[in-house]
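S.K.: Below are the chains, spelled out letter by letter.
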Amino acid sequence: MGNLKIHVDEEFINKLIDKTIEEKAQIQGLKNLNVQLREDGIKFQMELELLGKKSTLDSLIKILEKPEDLEHGKLRLSLSGNEGVRKILEGVFYIISEFSEAFTAKDFEILIDFGKMKINPIIDSILKSIKITELVLKEGRFELSLELKK
Amino acid sequence: MGELIFELDDDMAKELLIKVLETSKLPFLKNLFKHISSFKFKDNKIIFDILLFSFNLKIKSYPDNVSGVYVFEHNIPVRMLKDQKLPEFIELQDNIIRLKIPSSDILKNIRINEFKIEDGILRIKLGNIN
Chain H
58 MGNLKIHVDE
68 EFINKLIDKT
78 IEEKAQIQGL
88 KNLNVQLRED
98 GIKFQMELEL
108 LGKKSTLDSL
118 IKILEKPEDL
128 EHGKLRLSLS
138 GNEGVRKILE
148 GVFYIISEFS
158 EAFTAKDFEI
168 LIDFGKMKIN
178 PIIDSILKSI
188 KITELVLKEG
198 RFELSLELKK
Chain E
9 MGELIFELDD
19 DMAKELLIKV
29 LETSKLPFLK
39 NLFKHISSFK
49 FKDNKIIFDI
59 LLFSFNLKIK
69 SYPDNVSGVY
79 VFEHNIPVRM
89 LKDQKLPEFI
99 ELQDNIIRLK
109 IPSSDILKNI
119 RINEFKIEDG
129 ILRIKLGNIN
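Same order as they appear, the protein sequences are chains H and E. In terms of the working numbering, the first sequence opens at residue 58 and continues consecutively. In terms of the working numbering, the second sequence opens at residue 9 and continues consecutively.
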């Protein structure tokens, strides 16, 4: 057959983030980070405490285009929500795009072009022989299924 | 529920293993695996036939957290591999292979709820540490 499946729910991700933030005193100001896996995308909610002031920031990453395979496919994302968070995320992807041609960030849209991705010879050759049969976000779950190309 | 499920079948595992070895610096293993005729997941065992030999690796124990030591029993003649430079996280003894996954801030907070091989599938279920 040749299948690989990864299913993860948001509770797992959130508990892991909580535990990691709790132990890391370095991430000052960040009180809570919550991730929701929804049909329209991934929603991030951050609770911050800076200079004694509490605030909550939201951001939504929408999936506009999904890749069919990992050799030539494209993943297109859009960022929305709080402008500050949007700018930070866009900035992060902009920095990555300086290092890898596979990433481009423009006007709150992020494009990951797997055709231009070069990681290392092992991973590149693995990506070439795999296709995506399922990539869904629904009811708090992320489900990814991969299959070997014949 | 708070769960991550990872499932890999034997065909995909064989293909990935061959691909990884193709580009590795382990010429002996690379050549050996060109002659692999069967690769199966069954009863907590990885069973693979190469030329006229049948080898197996059996899950003996696994750690509570993702990081830690995974122990497998095997019947691979160790002297065949003694000149190979294995990665540091693999420790090979006569009938035992130990995989040591180093701890990290994230890995130490992930619990292994299930680590099983049955009916052609390797299944790992992960959960949170309270």
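By construction, these hints were calculated from the structure, which means they are not laboratory data. It is possible that part of the hints are untrue.
[As the list claims (entries may be wrong)] Pairs of lysine-lysine residues, derived as DSS-like cross-links and limited to a Cα-Cα distance of at most 27 angstroms, are as follows:
#, chain 1, residue 1, chain 2, residue 2
1, H, 206, E, 124
2, E, 53, E, 38
3, H, 110, H, 100
4, E, 53, H, 62
5, H, 62, E, 93
Bear in mind the structure is a predicted one, so any value in this text is a computation, not a measurement.
S.K.: Could you run down the list of hints and mark each one as holding or not?
M.R.: Hints versus structure:
1. Straight-line distance between C-alpha atoms of residue 206 of chain H and residue 124 of chain E comes to about 26 angstroms, which keeps the hinted pair within the 27 angstroms bound.
2. Simply put, residue 53 of chain E and residue 38 of chain E have alpha-carbon atoms about 22 angstroms apart, close enough for the 27 angstroms limit, and the pair holds.
3. A C-alpha spacing of about 23 angstroms is found between residue 110 of chain H and residue 100 of chain H, which places the hinted pair at or below 27 angstroms, so the restraint holds.
4. Proximity of residue 53 of chain E to residue 62 of chain H is assessed by CA-CA distance (about 20 angstroms); at most 27 angstroms being required, the pair is judged to hold.
5. Restraint check: the Cα-Cα separation between residue 62 of chain H and residue 93 of chain E comes to about 31 angstroms, which exceeds 27 angstroms; the hinted pair is violated.
The structure fails hint 5 only (numbered hints given earlier).
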